[in-house]
Structures are given as structure tokens and as C-alpha cells.
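Novice: The primary structure of each chain is shown beneath.
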Amino acid sequence: MGKHEITRRNFVAGAAVAGAAAAGAGLLTGCQAGGSANTTTDGGGAASEKKTGGTFEYYINEPAYIDPYNLKESEGTMVSSCLFDSLLSYDYRTQQLVPAAAESYEASADATVFTFHLRRGAKFHNGDPVDATAFKRGWERICNPNISKAPSEISYHLAQIKGYKEMFEDKKATSLAGVKAVDALTLEVTLTAAYADFPYILSHPALGPVPAAAKDFDSFTEAPIGNGPFMIDDTWKHDQYIRLKRFEDYYDQKAYIDGIDFNIVAKVDTAYTEFQAGNLDFAMIPKGQIEAALAAYGESEDGYTSQPGKQTLLGPESSVYYLVINNTDPVMENQKLREAISYAVNRQAICTAIFQDTRVPADGLIPPGIKGYHAGAWAASYYDIEKAKQALAEAGFPNGEGLAPIKLSYNTGGDHESIMQMIQSDLHAIGIEAELEALEWARYLGALAEGKVQIGRLAWVADYPIMENFLYSLFYTNNGDNLSKYSNPEVDKQIMAARGVLDDDARIAAFQKVDELIQSTTPIVPIMFYKHNRVCSERVNDFYFSPNIIPDMVNTWLSA
Amino acid sequence: MLQYIIRRILQFIPVFLGVTIILFTLRAVIPGDPVRMIAGERAIPETTYQMIVQNNHLDQPIYTQYVYYLSDLLHGDLGHSYQKNRSVLDIFAEKLPYSASLALCAILVEIIIGLLVGIISAIKKYSFIDLLLTLSTSILVSMPVFWLGMLLQTFFGVWLKGWTGGALSLPVSGAGGPISAYPPILHYILPAVTLASVSLAFTARIMRSQLLEVMNQDYIRTAFAKGLSKRAVIVKHALKNAMIPVITFIGIDFGTMLSSAILTESVFSWPGIGREIFLAIGQRDWPIVMGGVVLIVIIVMIINLIIDISYALFDPRIRYGKKKAE
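Protein sequences appear in the order of chains W and H.
Going by my numbering, the first sequence opens with residue 319, and the numbers climb by one from there.
Going by my numbering, the second sequence opens with residue 10, and the numbers climb by one from there.
Among the hints, erroneous ones may be present.
To be verified - If you anchor each label on the Cβ, the simulated ranges turn out as follows: (1) W:Ala-531 with H:Ile-22: 41 to 49 angstroms; (2) H:Gly-171 with W:Ala-531: 54 to 62 angstroms; (3) W:Ala-531 with H:Ile-121: 45 to 53 angstroms; (4) H:Gly-171 with W:Ala-827: 53 to 61 angstroms.
As the list claims (entries may be wrong) - Computed cross-link-like contacts, DSSO-like style, restricted to lysine-lysine with a CA-CA straight-line distance of at most 30 angstroms: (5) W:Lys-572 with W:Lys-605; (6) W:Lys-689 with W:Lys-390; (7) H:Lys-134 with H:Lys-235; (8) W:Lys-803 with W:Lys-689; (9) W:Lys-725 with W:Lys-605; (10) W:Lys-441 with W:Lys-498; (11) W:Lys-467 with W:Lys-390; (12) W:Lys-390 with W:Lys-605; (13) W:Lys-770 with W:Lys-705; (14) W:Lys-563 with H:Lys-170; (15) H:Lys-170 with W:Lys-369; (16) W:Lys-628 with H:Lys-134; (17) W:Lys-689 with W:Lys-725; (18) W:Lys-585 with H:Lys-170; (19) W:Lys-605 with H:Lys-134; (20) W:Lys-498 with W:Lys-467; (21) W:Lys-368 with W:Lys-563; (22) W:Lys-555 with H:Lys-170.
Simulated from the structure, these hints should not be mistaken for lab results.
For clarity, every value in this text was computed on a predicted model and none was experimentally measured.
A virtual CB, placed ideally from N, CA and C, is assigned to each residue, including glycine.
Could you put the whole structure together from the sequences, leaning on the hints where they help?
Specialist: Next comes the structure, spelled out in C-alpha cells:
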């Protein structure tokens with residue numbers, strides 16, 4: 319087991335940590351905290367002094383929660399990621415796990431027991447120490463079904479831990495048997511089965527520690543007390559703002575900016591007008607204004623980092639938009655028909671015509687940015703009208719003859735109708751007639767859950783940067799999110815086997831095999847990967863907005 | 010008068026019961042599972058699903074749910090939002106002041122500009138000014154609220170700021186507070202003007218037509234014959250009578266502005282109750298819908314009562330609670 323000198327704040331430099339396996343020893347090793355950076359490199363390569371001070375005006379929509387208890391969507395996660403540090407963090411730039419509240423960890427050879435060593439001296443915003451008990455408390459709070467009228471919807475993150483079922487599902491236990499505070503700085507987690515990706519799960523911002531003050535559920539939910547680089551100033555003013563200020567007793571490198579005002583704005587267009595008026599430092603670009611934004615603010619070099627003059631962020635996100643096909647439908651169980659549909663969809667046309675290329679055609683299920691992505695992973699996930707016609711003939715419907723009109727269902731609002739209309743036209747081109755069914759959101763969700771949708775639309779946003787999060791969630795037999803009703807015992811078996819592979823590269827290779835097996839029958843039709851469509855003001859420097867929509871606010875600084 | 014007020018207040022009870030029964034019937038009929046809506050595109054684990062169903066009595070027949078609702082209501086509990094996991098009372102206690110203050114500002118704009126325009130149009134009937142004002146109000150009536158709002162935002166928030174080097178501008182959105190560089194009062198200007206725009210035009214038109222009608226009455230001719238000045242005739246005699254329909258409209262409009270300012274609240278990101286209820290309907294967050302509607306019904310009924318009482322001030326012939334003289 320090796321130790322690596324690195325902090326999560328200077329990982330920009332490209333140092334790697336040992337989230338990867340020390341295969342020979344059967345151990346996974348984390349890393350040690352180190353010093354902090356105070357210079358930056360501009361686009362020209364010259365080092366310049368970072369300035370401290372200023373408040374970053376940040377646009378968000380109203381979050382569902384900012385309390386880790388039920389951190390289930392992007393807006394709340396952006397806020398909470400500034401308030402809380404989980405055990406580990408994931409750096410998309412180096413594609414490595416990096417230490418956060420834990421400075422190192424070890425995994426047992428069978429990937430069922432993980433031991434985390436916490437940093438010494440870390441404090442909560444109220445001065446309480448961040449110890450192993452605080453993590454146990456935080457996780458048990460999520461798994462306690464009686465703590466609030468609404469049980470947490472994200473307890474599934476911890477479903478692998480021994481005692482989860484007894485506590486959350488059976489309501490027989492009051493604690494997680496598999497989580498043990500060995501001492502103040504050592505947390506031992508025992509799982510019910512091998513799961514080598516478990517440290518990646520623990521990088522999720524919802525799995526941070528909470529202090530004893532979290533016992534008062536209602537007040538904590540409105541003003542969470544975390545261990546992150548920023549602390550809440552006042553309480554959450556719903557539909558208005560959330561103010562954060564720099565936490566001066568933070569255990570690692572302190573933020574350059576004094577604080578963050580999360581401006582809660584109801585409409586993207588309004589937020590963009592605020593941005594144009596100079597009242598926001600970060601906003602989403604409304605559809606149709608991308609070209610103008612690029613011309614006015616310049617494009618970020620990597621798509622994720624904003625520097626003055628290179629302010630428009632258009633990097634791919636860890637999410638995919640796809641056609642969900644009911645594999646048990648008497649018509650759609652025809653594999654060749656699904657393949658024909660996949661070949662027939664002109665993804666580039668959709669991305670360009672509807673989204674001005676703020677989406678990128680999906681060439682598979684796994685988006686770029688997730689380790690294991692490789693170009694063209696799904697053979698039928700590209701536009702080829704001849705292959706589409708050929709597959710349709712092989713399906714038994716040459717030129718669509720004998721095929722009754724299929725139904726394309728979608729929820730109203732957004733751009734789903736335009737997308738489905740283009741797909742309808744693409745299918746018509748090869749002889750497949752499709753009827754559109756527009757359903758209100760509530761009805762659409764019901765229809766999907768009840769298996770009444772023949773072909774619909776869905777999106778999947780990664781919880782964690784791992785292939786397993788896509789493959790298990792969407793294709794494991796009878797899993798709740800497997801709305802295509804796909805079932806393949808071989809896939810299930812291989813997913814479970816891959817979960818136990820400790821070595822990162824070997825595990826990714828195993829999941830790539832699973833992906834290959836799944837794509838061979840085209841159970842769904844990937845359409846496009848999402849991309850950022852955000853912009854920063856000119857005074858913002860070194861602002862990094864990751865593919866999973868989490869900002870790095872510690873290294874961000876403001877020019878004036 | 011007191012008897013009349015008590016009678017009107019007692020009428021609240023059947024109206025309230027009627028409204029809540031209709032809402033409960035609608036929620037039983039409208040498709041869409043509120044629990045599934047909580048998780049959205051993500052599947053909600055079955056255990057979690059069942060817990061939420063049981064915690065909210067959603068596994069009970071609709072009439073049992075209604076009884077639970079009334080029982081909670083009698084204890085001052087408007088329910089608990091499925092989506093927000095917050096007390097509905099807290100949500101509306103937070104939002105109602107914003108809605109009420111914005112509606113009041115909009116009503117002020119409506120009264121000041123609408124009445125003034127209506128009076129000027131009536132006095133200068135068929136003149137160029139009348140034509141200009143009538144045309145302006147027609148444009149306001151036909152202009153979509155969200156578009157007007159966005160125009161105002163761009164003009165006063167972005168362009169004016171640019172032209173004056175930041176010296177002059179108005180806030181684009183929000184209700185102010187410590188994160189805003191503007192004094193709170195300035196945050197009201199654009200949303201209030203936008204919210205008032207359509208009603209203002211209607212008020213002006215009603216005022217104009219009423220005043221013109223009153224000006225043709227015999228008693229006005231008598232007043233002129235007595236040698237009173239035009240100003241005195243209009244202010245002391247004509248306006249009072251012409252005001253009754255205008256007050257009725259403004260009163261009803263206040264209730265509408267309070268509850269239905271959805272577009273204005275969306276465009277200006279105003280933390281009011283209209284958008285809250287609108288979103289809750291889509292999300293099948295019935296406690297918020299129920300709480301919001303109940304609140305609005307009560308407010309509208311109170312406003313109507315106040316309007317009815319105010320009639321007596323404008324027209325001494327109107328008296329409540331007294332038997333007709335034999």
C-alpha cells in the first residue's frame with residue numbers, strides 16, 4: 319500500500335491517488351493531506367496571484383433539499399457540495415478518487431469491508447469535531463424511515479451496507495450494523511456482498527457527516543451544518559436565495575471567495591437576463607442563445623473551466639437521453655426491429671436542429687467522462703438508413719410492410735415533442751409508421767411504471783462516475799429503474815461478478831463486457847449525451863464545473 | 010350591518026365545505042400518482058413508496074382522507090407537502106406576504122393610472138388624447154404578460170444600466186433582500202406594473218364608459234344648471250356614482266392578482282403563492298393545492314365582503330341589514 323502526497327485542492331496538477339487497487343496486496347489505498355496552492359496558471363502559462371474576496375453570484379433553481387438527508391437532484395447537490403465533504407471526492411479531470419474528509423482508506427481482499435481513516439482536526443461549522451460517529455450518524459439519518467414524514471428517497475446509496483435492510487426496510491433496527499466507528503478517526507464499513515465500486519459511491523455529496531445538531535430535523539434541513547469549505551449564512555429563503563460564507567476553520571485549503579449567493583431564479587431566461595445585467599456570475603444559457611453567448615463570452619478550452627474571455631461551458635455531462643423500449647411488448651420484443659429503430663434515428667439532426675449542438679449524439683449508453691466509455695460502444699447507435707432498412711427486413715417487416723403503427727409516448731413540455739416528431743419522421747423514412755402520444759408528466763410516469771408505454775423517452779444522470787451506475791440501474795432484472803423490462807440472467811450474473819473485481823481497470827473491462835452484451839440486443843436506443851450550457855462572468859477565474867454538475871468553489875476566485 | 014356581516018361570515022362554512030369536497034373529488038378523478046411524482050424519472054424504492062403512502066393516508070378511501078383533512082384543519086394543520094416535506098402552513102406563511110404586497114402594489118398602479126386614464130378619456134372624449142389613451146390601453150390588454158415582463162426586464166435591467174454606466178437601472182427579478190444591490194421597494198416596480206398592465210387597461214375602459222354614462226344623467230345636468238364648475242360636478246357628483254362598477258372590478262381583481270399571478274411570478278422569480286399552487290397541481294402535491302385554494306377562497310370571500318360594505322360608502326341608498334320600509 320502506497321501513500322500519495324496530494325490534496326483535493328491541487329489535484330488540478332494531475333497527481334493521482336490510489337483509488338485504484340494495490341492488487342497484489344488486495345488493498346485499496348487513499349492518500350495523505352498536504353499543502354495548499356496559492357498561485358494559478360493562466361491560459362498563456364504564466365503564473366498569476368489569485369485574489370481573495372468577493373461573493374460569487376450563482377444561479378440555481380429552487381432545490382428540493384440542501385440537506386444530505388435527501389439530496390436527490392442537481393440544484394440541491396450544487397449547494398450541498400459546498401456545505402459538506404464526503405469521505406472521498408471524485409476528480410473528473412484526473413478521473414480519480416481523491417481524499418476529502420478521509421485521508422486514506424483500505425478495502426478487504428473480497429471487497430466487502432472498507433476502512434476509512436479520517437483527517438485529524440476537521441470541524442463542523444458549529445465547532446463540533448468531524449469524527450467517525452458523525453458519518454455513522456449521517457448515514458443512519460438517511461436510513462431512518464421514522465425521522466421525518468417523508469423517508470429519504472436516496473437511502474439506496476447505502477443499500478449495500480450490512481444492516482440496511484433491517485433498518486430501512488424492515489424497521490427492526492435503529493442503527494446500521496455494518497457501520498462501525500472503530501475510534502474517533504476510523505470508520506469501518508461492512509457490506510453484504512462484494513462491491514469494489516463502493517468508495518465511488520461514498521464520493522456522493524449526500525453521504526457526508528452530520529453533527530449531533532441534526533437531531534432537530536426541521537431546522538437542520540433549512541440550515542444544514544456541514545464540514546465543507548462554506549457554511550450557511552442565515553437560513554434558506556425558499557424561492558429566493560441561499561447565502562453561504564467561507565468556513566474559516568476548514569481543514570483543507572480555504573476558499574478564495576468570501577461567499578456564494580445562490581440566487582434562486584424560477585426561469586432560465588430570467589436568470590440569463592440577470593446575468594446580462596451583470597447581477598450573476600454564473601447562469602444557464604437559454605436555448606437559441608448559445609451562438610450569441612459564444613460570440614460574446616468566448617468558449618472554455620476544456621468545456622468545464624471558466625477563465626476570463628473563455629467563459630462559455632459546453633463540456634459533455636454524465637447523462638444520457640434515450641428511448642426506453644418495452645422489451646416485453648409483443649411487437650418490440652423483436653430485437654431486429656429495435657435495431658432498425660436505432661439505426662433510423664438521425665441523432666445529429668436532433669442535436670443540431672433542436673439543441674444547437676448543446677447535446678452530442680450518443681454512440682452508446684455510457685457518456686464520455688465516465689471511465690470505461692469508448693467511442694462507438696453500441697454498434698447500432700448511429701444513423702445509417704440502409705442498415706435500418708436491412709434490419710427492418712430482417713425483423714420480418716421489409717419497408718415496414720405488415721408492421722402496425724408503433725406508439726411513441728412522451729411527457730409534454732421541454733423539447734420532447736420536437737424530438738419525438740423528428741424520430742417519427744426518421745422512422746417514416748424507413749417505412750415504420752409511428753403515432754405520437756403526449757402525456758402530462760404525472761400520467762406519463764404512471765404509464766411508464768405500469769408498462770403501458772411501447773416506446774418512450776427517459777434520461778439517466780449518473781449518481782457516481784462509474785459504469786455500474788448505468789448498467790445495474792437500467793438493466794438488472796426487476797430493478798426499479800429498469801423500465802425497459804430488460805432481463806438477461808447472463809447480464810445479471812456478469813454485473814454481480816464485476817462488482818467484486820477490485821482492480822479498477824479489470825473491473826471496468828468487466829463492465830465493458832456487460833455493456834457489450836447488453837448492446838448486442840439493443841434493448842434501448844441511446845439518443846444523445848447532455849452537455850453543459852452555462853456561462854460565467856468575466857471576473858470569474860478557475861471555476862470548474864464538473865460533468866456531474868458539481869462546482870469547485872474552493873479554487874474559484876474573482877478578479878474584481 | 011353587523012347582522013349582515015355575521016350572516017356573510019357564516020356563509021363561509023358551506024362555501025368552504027363545497028370547495029374542499031370539489032377539490033377532493035377532483036384529486037380522486039385526476040390521473041397521476043403523487044408519490045411517483047416525488048421521485049420523477051427515478052424509480053422510487055418500493056419500501057419508500059409504501060412508507061410515503063401510509064404516512065399520508067393515501068392508502069385510505071378518499072372520504073377517509075377527507076375526514077383526516079378536516080380533522081387536521083380544525084387543529085390548524087393545512088397538511089404537509091409531499092414534494093417539499095414542509096408544512097403547508099409554513100410555505101404559505103412565507104409566500105402570502107409577498108403575494109399580498111405585490112398585489113397591493115399592482116392595485117395601486119391600477120387605481121392611479123387606470124382611473125386617471127379613464128377619467129381623462131371620458132372628459133376629453135373623441136379627442137386625440139382619448140384616441141391615444143384608448144389605443145394604449147388596447148395594446149396593453151392584448152400584450153402577453155410574460156412578454157411585457159421580459160421587455161421591461163431587458164429595458165430597465167440591462168439596457169438602461171448599460172446606457173447610464175450602471176447609474177440607473179431597476180432589478181430584473183427577485184424580491185430583494187441581502188443578496189440584492191437594490192433597495193427592496195425597487196423590486197416591486199417592474200412586477201407590479203406587469204401584473205397591473207391588463208387590469209389597468211380594463212379599469213380605464215370601465216371608468217371611461219361609466220363616467221360617460223353618468224355624465225348624461227339628469228342630476229348631472231342639474232348640477233351644471235346650478236352653476237357648478239365642471240371639476241366640481243365630476244369630482245363631487247359623477248365620480249362617486251361611476252366608481253361602483255370600478256370598485257367591484259378592482260376588488261375581484263385583487264383576489265385574482267393574489268392567486269393567479271403565475272406568469273408574473275415566473276418571469277420575475279417572485280416568491281408568491283400563484284406559482285406555488287400552479288407547480289403543485291402539476292406535481293400532484295395535493296396538500297399545497299388544497300391549502301392554497303382554501304386560503305384563496307377565504308381571502309376572496311373577505312374581499313367581497315369588504316367590497317359589499319364599501320358600496321354603502323359610495324351610494325348612501327345602499328343599506329344592509331335593514332328591512333324595507335313598509
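Novice: What's the verdict on W:Lys-628 and H:Lys-134, does the C-alpha distance respect the 30 angstroms limit or exceed it?
Specialist: Distance of about 59 angstroms is beyond 30 angstroms: violated.
Novice: Holds or violated: H:Lys-134 and H:Lys-235, Cα atoms, limit 30 angstroms.
Specialist: Holds, at about 23 angstroms.
Novice: What's the verdict on W:Lys-555 and H:Lys-170, does the C-alpha distance respect the 30 angstroms limit or exceed it?
Specialist: holds, 27 angstroms
Novice: Quick one: are H:Gly-171 and W:Ala-531 within 54 to 62 angstroms, going by C-beta?
Specialist: At 46 angstroms between Cβs, range violated.
Novice: Does the hinted range 53 to 61 angstroms hold for H:Gly-171 and W:Ala-827 at CB?
Specialist: holds, 56 angstroms
Novice: W:Lys-803 and W:Lys-689 were given as a pair; does the straight-line alpha-carbon distance stay at or below 30 angstroms?
Specialist: Within the cut-off at roughly 26 angstroms; holds.
Novice: Verify the proposed pairing of W:Lys-689 with W:Lys-725, using a straight-line Cα cut of 30 angstroms.
Specialist: Violated, at about 35 angstroms.
Novice: Between the alpha carbons of W:Lys-572 and W:Lys-605, is the straight-line distance 30 angstroms or under?
Specialist: violated, 36 angstroms
Novice: Would the hint linking H:Lys-170 and W:Lys-369 be met if the CA-CA limit is 30 angstroms?
Specialist: holds, 27 angstroms
Novice: Taking the Cβ atom of W:Ala-531 and the Cβ atom of H:Ile-121, is their distance within the range 45 to 53 angstroms?
Specialist: holds, 50 angstroms
Novice: Has the given pair, W:Lys-585 with H:Lys-170, been kept, meaning a C-alpha gap of at most 30 angstroms?
Specialist: holds, 21 angstroms
Novice: Between W:Lys-689 and W:Lys-390, does the CA-CA distance stay at or below 30 angstroms?
Specialist: holds, 23 angstroms
This entry does not satisfy hints 2, 5, 16, 17 and 19, going by the numbered hints stated previously.
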